[in-house]
Amino acid sequence: MKSAAFQLGRLVASVVDGSLTDLVVLSGEGIGLAEAAMSEVRRGIAESRPPWASDVELDVHPMGFGAWARGAAVLAVQDFVTSAEDRRFATS
Numbered sequence: 053m054k055s056a057a058f059q060l061g062r063l064v065a066s067v068v069d070g071s072l073t074d075l076v077v078l079s080g081e082g083i084g085l086a087e088a089a090m091s092e093v094r095r096g097i098a099e100s101r102p103p104w105a106s107d108v109e110l111d112v113h114p115m116g117f118g119a120w121a122r123g124a125a126v127l128a129v130q131d132f133v134t135s136a137e138d139r140r141f142a143t144s
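Numbered per the working numbering, the sequence shown spans residues 53 to 144.
I should point out that these hints are in silico values taken from the structure, not numbers from a laboratory. Cβ atoms here follow ideal geometry from the backbone N, Cα and C, with glycine treated the same way. Check before you lean on any hint, since a few could be wrong.
Here are the simulated distance ranges between beta carbons [what the hints assert, rightly or not]: (1) Leu-127 / Gly-84: 32 to 42 Å; (2) Val-129 / Trp-104: 13 to 23 Å; (3) Val-133 / Thr-73: 25 to 35 Å; (4) Lys-54 / Phe-132: 18 to 28 Å; (5) Gln-59 / Ala-128: 16 to 26 Å; (6) Ser-71 / Thr-134: 41 to 51 Å; (7) Val-67 / Ala-119: 12 to 22 Å; (8) Ser-91 / Ala-128: 17 to 27 Å; (9) Thr-73 / Met-115: 20 to 30 Å; (10) Gly-80 / Ser-55: 15 to 25 Å; (11) Gly-82 / Thr-134: 22 to 32 Å; (12) Asp-107 / Val-129: 38 to 48 Å; (13) Glu-87 / Arg-122: 36 to 46 Å.
Can you build the whole structure from these sequences, using the hints too?
Take a look at the structure:
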């Protein structure tokens, strides 16, 4: 788990360096990893950025059932719309 959290920190550092931001919002099904080993995430960030770089603020948002349900609904709507469009073009 520590290795995965460290690698997550390295990924965050890469995103921050490429996007020039200092706030990162972490969320998703597996985000408990960041909460359980935050020190390793921060170590991964620190070791992957130049010493003069600004600090990175991490905002961790655990994903609850409501967020999961909204995501599932979006996928269902996208599938329905795409399928309907495909059927319309197939019969033309």
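**OP:** Would you pick out the hints that fail for this structure and give their numbers low to high?
**Re:** Violated: hints 1, 2, 4, 5, 6, 8 and 13.
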